[in-house]
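K.L.:
Throw the hints in and build the complete structure from the sequences for me.
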Amino acid sequence: PTDEALTRAMCALWKSLGYSVAGILYPINEVYGESFNLQLRGSCSELGVGVISMPFVSGTEAGVSLAVNAIADVKMNVGVIAVSSTFDVQLLMPMVLKTGLLGTGTAWGITDSITVDDLVALPLEVRAAIDGLLFYATAGGAESIPQFLHFAALRWPTFNASRFNAEWPAPF
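Read the sequence shown against our numbering and you will find it ends at 1419, with the numbers running on by one and no gaps.
For the record, the hints were derived by calculation from the structure and aren't laboratory data. Keep in mind that the hints are not guaranteed to be accurate.
[Claimed, not checked] Computed beta-carbon distance windows for the label pairs:
{"hint": "1", "residue 1": "A1399", "residue 2": "D1359", "range": "16 to 24 Å"}
{"hint": "2", "residue 1": "L1401", "residue 2": "G1347", "range": "42 to 50 Å"}
{"hint": "3", "residue 1": "Y1279", "residue 2": "V1363", "range": "12 to 20 Å"}
{"hint": "4", "residue 1": "L1294", "residue 2": "V1321", "range": "41 to 49 Å"}
{"hint": "5", "residue 1": "L1396", "residue 2": "L1294", "range": "28 to 36 Å"}
{"hint": "6", "residue 1": "S1282", "residue 2": "V1321", "range": "35 to 43 Å"}
{"hint": "7", "residue 1": "D1364", "residue 2": "G1265", "range": "16 to 24 Å"}
{"hint": "8", "residue 1": "V1363", "residue 2": "S1282", "range": "20 to 28 Å"}
Beta carbons: idealized from backbone N, C-alpha and C, even for Gly.
P.N.:
The following block contains the structure:
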């Protein structure tokens, strides 16, 4: 499956928050990061949100450092890290903090390829700085999710999806 729905939702959220430029850090030559980058660029382009793509060589401190320093020079409102390696997150996040990109009015998020457990392994000062980090993931409804059942039973009949996105279908 592609990340089209997720990237469209991310770009729509950013646009609704008034963000005009997003930055993405992703590993070069890794299918997940490269495909996520392409999807994000396409989705944001449709909504008028610019995307600065910054690939890096996965697993190397020098490669990650070059990408983080380069993206620090860009005037962006929101950043996203699209990696599938815990090691890359552990390299990236401290460097992003060191450049001053965390806590300076730039919102950061990670994709659903990284778990909360991956973030718990980060140094304490990095965990404090990423408090409130956005976690982007697609989620569907399922009978095993009580919140979904509640929504489906009580709110779906009157839910006005077009209020959030004119392309969403009306309830049926």
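K.L.:
State for each hint whether it applies.
P.N.:
Cross-check of the supplied hints:
1. A1399 x D1359: 16 to 24 Å: Because 23 Å falls inside the window, the suggested range holds.
2. L1401 x G1347: 42 to 50 Å: Hint holds: Cβ distance 45 Å, inside 42 to 50 Å.
3. Y1279 x V1363: 12 to 20 Å: Holds, at about 19 Å.
4. L1294 x V1321: 41 to 49 Å: violated, 19 Å
5. L1396 x L1294: 28 to 36 Å: The hinted range 28 to 36 Å holds for L1396 and L1294, with Cβ atoms some 32 Å apart.
6. S1282 x V1321: 35 to 43 Å: violated, 22 Å
7. D1364 x G1265: 16 to 24 Å: violated, 33 Å
8. V1363 x S1282: 20 to 28 Å: Given about 24 Å between the Cβ atoms, the range holds.
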